[in-house]
Amino acid sequence: MKLSDTKINDRGIEIFIGRFLRWGVLSSCAVAIAGGILYLVNHGMEVMPDYTVFHGEDAGYTSLPGIIKGLETGSAKEVIQAGVIILLATPILRIFLSLISFILEKDRLYVFITAIVLCIILGSMFGGLKI
Amino acid sequence: MLILSFTLILLLGAYLAGLTGALTGLGGGVVIIPLLTLVFHIDMRYAIGAALVSSIATSSGSASAYVREGITNIRVGMFLEIATTIGAVTGAMIAVYTPVNLVAIIFGLTLIFSAAMTLRKKNEHAETEGSPLAAKLKLNGSYPTPSGVVHYNLRNVGGGFSIMTLAGILSGLLGIGSGALKVLAMDTAMRIPFRVSTTTSNFMVGVTAAASAVVYLQRGYIDPAIAMPVIIGVLAGAFTGTKLLMRLNPKKLRLIFSIAITLVALQMIYNGLQHKF
Chain X
100 MKLSDTKIND
110 RGIEIFIGRF
120 LRWGVLSSCA
130 VAIAGGILYL
140 VNHGMEVMPD
150 YTVFHGEDAG
160 YTSLPGIIKG
170 LETGSAKEVI
180 QAGVIILLAT
190 PILRIFLSLI
200 SFILEKDRLY
210 VFITAIVLCI
220 ILGSMFGGLK
230 I
Chain A
-18 MLILSFTLIL
-8 LLGAYLAGLT
2 GALTGLGGGV
12 VIIPLLTLVF
22 HIDMRYAIGA
32 ALVSSIATSS
42 GSASAYVREG
52 ITNIRVGMFL
62 EIATTIGAVT
72 GAMIAVYTPV
82 NLVAIIFGLT
92 LIFSAAMTLR
102 KKNEHAETEG
112 SPLAAKLKLN
122 GSYPTPSGVV
132 HYNLRNVGGG
142 FSIMTLAGIL
152 SGLLGIGSGA
162 LKVLAMDTAM
172 RIPFRVSTTT
182 SNFMVGVTAA
192 ASAVVYLQRG
202 YIDPAIAMPV
212 IIGVLAGAFT
222 GTKLLMRLNP
232 KKLRLIFSIA
242 ITLVALQMIY
252 NGLQHKF
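These protein sequence lines are chains X and A, in that order. Counted the way our numbering counts, the first sequence spans residues 100 to 230. Counted the way our numbering counts, the second sequence spans residues -18 to 258.
By construction, these hints were calculated from the structure, which means they are not laboratory data. Just so you know, nobody snuck in bad clues.
Chain A is faced by these chain X residues, among others (derived, beta-carbon under 10 Å):
no.: 1; residue: Ile112
no.: 2; residue: His142
no.: 3; residue: Asp157
no.: 4; residue: Glu177
no.: 5; residue: Val178
no.: 6; residue: Gln180
no.: 7; residue: Leu187
The model shown is predicted, which means the values in this text are computed figures rather than measured ones. Think of the CB as a built atom: it goes at the ideal place given N, C-alpha and C, for glycine as much as any other residue.
Whenever a hint applies, use it, and build me the whole structure from the sequences.
See the structure below:
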């Protein structure tokens, strides 16, 4: 993605963000397919778990360290969950990209607005909203 | 039921959700939640997790195309995302204290509203006189049409912002993109032309959903075995849908789908009132 030789303007940024979103979604889907195949090969013939009662997922699937740990052991569910993480990260990273682009454009007002949005999301990630 | 057959049925359902979502403008969650709760009797909380995942997938997937065409107004999107993300995080927090049956009833009512919204007349008019606040926030914009570039101005920034906060709360509480409310805020309150408001709404859904999804992921609402067929199916369906959209007129389809959604919504409300969730 050659951002360097495009003039920094709204149009160039739009094209860049568009490409970024597409890559994020496609790589998340690829990881989910890989994990899915692994999961079905290992567990496809087992009886479906009982989802009628909510018990919440294990720590292995709900935190980044847990998912990375599971990836090292090659567990299919963690591979899928890594795909989910890529999917969640795509729009959040998109805001980072917008922030950088507004800084390059020297648009102070929108640097401020984008920073607020980013703070709200990071606050919900790290703010202990697990309850 | 075997895991294999469950996965395949869900994959097909998610594909249809993505397909109808792309053709009618109603997000994937609208189909995913009733499918999981009414057909498979899966707990509402797993369904909300799956719906959030499908909302992010469809939003990022379709926004990538629209942003490149230059129709989406990125500044409007970013400014209003302050409202939707605050709403989404609030909604995800409220969800803990809201009984599941009440969530189902609110979901049903939102579905009926969304179905009605897809059938109403669209605002294609580009406003020439905007409000001073819109100019100050640099929200006015332009978009390409076959007959040249159209410039438009915005009104009622405060009104749009408040409706967006509500849209964010509903999206955080229910796991849906609440695109219908987002379009209402931009199209009806702020007088943004229809094509700009739908694509900008689509662009915003991903960020709104991600804001609450990080909360839900940590709470264990997102089950990998359910999320996997949903991501793959919804994306494949949305991709086919956008291709099909160029060849057929979705007007009749939108009517049929709206009626179907209303019936599903009534079923959700009925079950919610009977405490069946």
